[in-house]
Amino acid sequence: MTRPLDVQALKKDFPLLRRGDGDRPLVYLDSAASAQLPRAVLDAMDHYYATTHANVHRGVYSIAEEATRLYEAARLRLGRFVGAPHPSREVVFTKNATEAINLVAYAWGRQNLRPGDAVVLSEIEHHANLVPWLMLHDELGVELRYIPLGADFHLDLAHLDRLVDGAKLVAVTGASNVLGSIVDLAPIVAAAHGVGARVLVDGAQLAPHRRVDVAAADIDFLALTGHKMLGPTGIGALWARQEILEGMPPFLGGGEMISDVRLDGFSPNELPWKFEAGTPPIAEAVGLGAAVDYLEAVGLEAVAAHETALVRYALDRLTDAYDELRVFGPVPDSVRRSGVISFAFGGVHPHDVAQVLDQSGVCVRAGHHCAKPLMRVLGVNATTRASLYLYNDEADIDALVEGLATVRELFSP
Amino acid sequence: MNELEDLYREIILDHYRSPRNRGELAVPPAHRVEGFNPLCGDEIVIYLDVRDGVLEDLRITGRGCSISQSSASMMSAAVKGLPVDGVRRLVRSFKSMMSIAGSEDAGAPDGPGEPVDPTTLGELGALQGVVKFPVRIKCATLAWNALVQGLDEIAAGPVDEA
Numbered sequence: 009m010t011r012p013l014d015v016q017a018l019k020k021d022f023p024l025l026r027r028g029d030g031d032r033p034l035v036y037l038d039s040a041a042s043a044q045l046p047r048a049v050l051d052a053m054d055h056y057y058a059t060t061h062a063n064v065h066r067g068v069y070s071i072a073e074e075a076t077r078l079y080e081a082a083r084l085r086l087g088r089f090v091g092a093p094h095p096s097r098e099v100v101f102t103k104n105a106t107e108a109i110n111l112v113a114y115a116w117g118r119q120n121l122r123p124g125d126a127v128v129l130s131e132i133e134h135h136a137n138l139v140p141w142l143m144l145h146d147e148l149g150v151e152l153r154y155i156p157l158g159a160d161f162h163l164d165l166a167h168l169d170r171l172v173d174g175a176k177l178v179a180v181t182g183a184s185n186v187l188g189s190i191v192d193l194a195p196i197v198a199a200a201h202g203v204g205a206r207v208l209v210d211g212a213q214l215a216p217h218r219r220v221d222v223a224a225a226d227i228d229f230l231a232l233t234g235h236k237m238l239g240p241t242g243i244g245a246l247w248a249r250q251e252i253l254e255g256m257p258p259f260l261g262g263g264e265m266i267s268d269v270r271l272d273g274f275s276p277n278e279l280p281w282k283f284e285a286g287t288p289p290i291a292e293a294v295g296l297g298a299a300v301d302y303l304e305a306v307g308l309e310a311v312a313a314h315e316t317a318l319v320r321y322a323l324d325r326l327t328d329a330y331d332e333l334r335v336f337g338p339v340p341d342s343v344r345r346s347g348v349i350s351f352a353f354g355g356v357h358p359h360d361v362a363q364v365l366d367q368s369g370v371c372v373r374a375g376h377h378c379a380k381p382l383m384r385v386l387g388v389n390a391t392t393r394a395s396l397y398l399y400n401d402e403a404d405i406d407a408l409v410e411g412l413a414t415v416r417e418l419f420s421p
Numbered sequence: 778m779n780e781l782e783d784l785y786r787e788i789i790l791d792h793y794r795s796p797r798n799r800g801e802l803a804v805p806p807a808h809r810v811e812g813f814n815p816l817c818g819d820e821i822v823i824y825l826d827v828r829d830g831v832l833e834d835l836r837i838t839g840r841g842c843s844i845s846q847s848s849a850s851m852m853s854a855a856v857k858g859l860p861v862d863g864v865r866r867l868v869r870s871f872k873s874m875m876s877i878a879g880s881e882d883a884g885a886p887d888g889p890g891e892p893v894d895p896t897t898l899g900e901l902g903a904l905q906g907v908v909k910f911p912v913r914i915k916c917a918t919l920a921w922n923a924l925v926q927g928l929d930e931i932a933a934g935p936v937d938e939a
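Protein chains in written order, with our numbering: chain A, 9 to 421; chain B, 778 to 939.
Treat the hints as calculated values from the structure; they're not laboratory data. One should not assume that every hint holds.
Stated by the list, open to error - Here are the simulated EDC-like cross-link-like pairs (lysine to aspartate or glutamate), alpha carbons at most 16 Å apart as the crow flies:
hint, chain 1, residue 1, chain 2, residue 2
1, B, Lys909, A, Glu131
2, A, Lys380, A, Glu131
3, A, Lys380, B, Glu780
4, B, Lys909, B, Glu780
5, B, Lys909, B, Asp929
6, B, Lys857, B, Glu820
Stated by the list, open to error - Quick list of the computed label-pair ranges, beta carbon to beta carbon:
hint, chain 1, residue 1, chain 2, residue 2, range
7, A, Asp146, B, Arg840, 24 to 30 Å
8, A, Ser420, B, Pro805, 56 to 62 Å
9, A, Gly307, B, Arg840, 41 to 47 Å
10, A, Pro23, B, Gly863, 50 to 56 Å
Unchecked claim - Anything over 12 Å on all C-beta distances counts as not near chain A; from chain B, calculated:
hint, residue
11, Glu833
12, Gly839
13, Ala855
14, Arg865
15, Ser873
Since the model is a prediction, treat every value here as computed from it, not as a measurement. Every residue, glycine too, gets a C-beta built ideally from N, C-alpha and C.
Turn these sequences into a full structure, and let the hints guide you.
Now the structure itself:
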């Protein structure tokens with residue numbers, strides 16, 4: 009039995025949410041772009057810089073060892089958070105999920121893909137999980153195939169077996185940053201592994217909101233980003249099976265990622281440092297570790313239950329209040345619907361919607377959400393997107409609904 | 778709400794709801810040029826009919842926000858029938874009004890331009906409120922940049938003629 013979230017208490021943990029215009033609080037509905045940070049994360053980074061800062065894996069003095077310990081502890085916490093069987097060796101810190109996917113495309117892709125090999129993506133991918141593969145298409149002649157979007161705003165898996173036939177990799181998002189669809193990974197993994205293809209999951213929109221267990225899901229790669237899961241910007245991670253990482257050549261070259269360097273060559277370091285060239289973002293890793301602790305304390309199951317209830321409330325209120333509002337996303341079922349709500353508001357351009365809402369202190373995103381191929385599938389240039397997280401409540405939704413009345417008033421024909 | 782009213786002046790909303798010179802012209806003789814705002818995916822297509830150094834006619838199609846669409850509509854009304862050098866002068870004045878210190882538009886090839894009194898720009902002066910919303914400046918200048926590109930292409934001559 010999951011205890012409901014005490015959102016009013018949670019809100020107090022987030023300093024930025026107290027920022028407002030006089031007695032009007034800030035209504036932050038853009039967590040799918042970047043989530044706000046709890047005080048505990050900010051304190052962890054401050055404390056690190058104030059008491060422990062030194063470079064990691066280098067100094068023998070005590071604060072350097074303490075910094076290394078904090079950095080590696082953050083790796084373990086993040087690895088355990090996603091169910092990594094070997095968290096100390098399988099979690100590679102990156103700058104964000106984009107870099108994690110690029111790491112796979114660069115190191116694994118160039119080693120394992122040949123001209124004509126197929127990589128299966130989907131029509132709902134973020135540019136981060138499209139462009140690295142388009143680059144390999146241009147460079148190596150890799151064939152790209154796309155799982156189509158179904159009428160219910162979920163991926164249409166009807167022709168999965170044909171799509172994965174001859175594929176070497178299936179790379180899909182765990183949850184759409186535009187539609188709020190949560191992807192049913194099990195049949196995709198089964199089909200991919202059935203033909204010997206690897207599976208990469210872009211977890212940027214999934215891991216902050218739902219329990220991800222890489223072992224139970226039986227996937228091969230998981231890309232993560234810190235700033236969408238209550239952590240700072242500048243830190244993300246790639247999780248991959250140990251045996252896959254061991255077989256991959258390094259990505260970036262430099263300090264830290266080597267065990268020996270001679271004038272005529274080098275030997276790479278052990279996992280996971282083989283993929284971490286240069287001084288890493290230490291404070292950011294510490295902050296991400298604290299964010300994981302915060303999410304574990306709250307409980308991802310409680311977060312999911314809260315978002316499911318709130319997205320249902322939001323969709324009901326929005327569609328009841330405005331006939332001209334059209335949602336691009338699945339109906340709120342209990343399992344495969346996140347708190348991302350993309351919509352069209354009559355003929356009003358999303359930029360105009362977002363601009364007017366901003367004047368009411370409501371922060372939403374307008375644009376193509378780095379998913380231009382999906383925009384073409386939906387037949388729009390852009391959408392307005394409100395996205396929910398653990399600190400949002402019904403009052404935030406009410407503010408959105410009220411703000412849209414001003415939009416309607418201003419732009420009605 | 779004052780800032781909002783400054784951005785969405787009544788004249789802007791009027792052009793947005795009833796865009797002037799909407800449509801297409803036969804190509805050739807007209808010249809077709811496209812403009813894109815990669816930030817929001819907005820697109821504009823302008824058809825230009827330049828004869829004897831005069832912009833005799835133009836038509837505009839495309840999709841975009843109220844600022845980009847109304848700016849395009851106002852532009853079409855303001856430049857139609859002007860000699861090309863007059864069009865270019867108006868573009869410089871408009872872009873000068875749209876530039877904020879340090880913005881890329883301030884470093885236009887023609888220089889930052891003289892300070893412009895928005896009242897001399899007629900209806901276009903209503904778009905001055907956009908400057909307070911820097912993200913939207915690219916919306917307001919989308920059609921103008923496409924227009925200049927089109928005029929430049931016409932001046933360079935057709936590529937299929939020797």
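Verification of the hints:
no. : hint                            : in the structure
1   : B:Lys909 - A:Glu131             : 37 Å, violated
2   : A:Lys380 - A:Glu131             : 10 Å, holds
3   : A:Lys380 - B:Glu780             : 31 Å, violated
4   : B:Lys909 - B:Glu780             : 8 Å, holds
5   : B:Lys909 - B:Asp929             : 30 Å, violated
6   : B:Lys857 - B:Glu820             : 21 Å, violated
7   : A:Asp146 - B:Arg840: 24 to 30 Å : 29 Å, holds
8   : A:Ser420 - B:Pro805: 56 to 62 Å : 40 Å, violated
9   : A:Gly307 - B:Arg840: 41 to 47 Å : 44 Å, holds
10  : A:Pro23 - B:Gly863: 50 to 56 Å  : 55 Å, holds
11  : Glu833                          : 31 Å, holds
12  : Gly839                          : 10 Å, violated
13  : Ala855                          : 22 Å, holds
14  : Arg865                          : 28 Å, holds
15  : Ser873                          : 24 Å, holds
Going down the numbered hints, you'll see the structure goes against 1, 3, 5, 6, 8 and 12, while the others check out.
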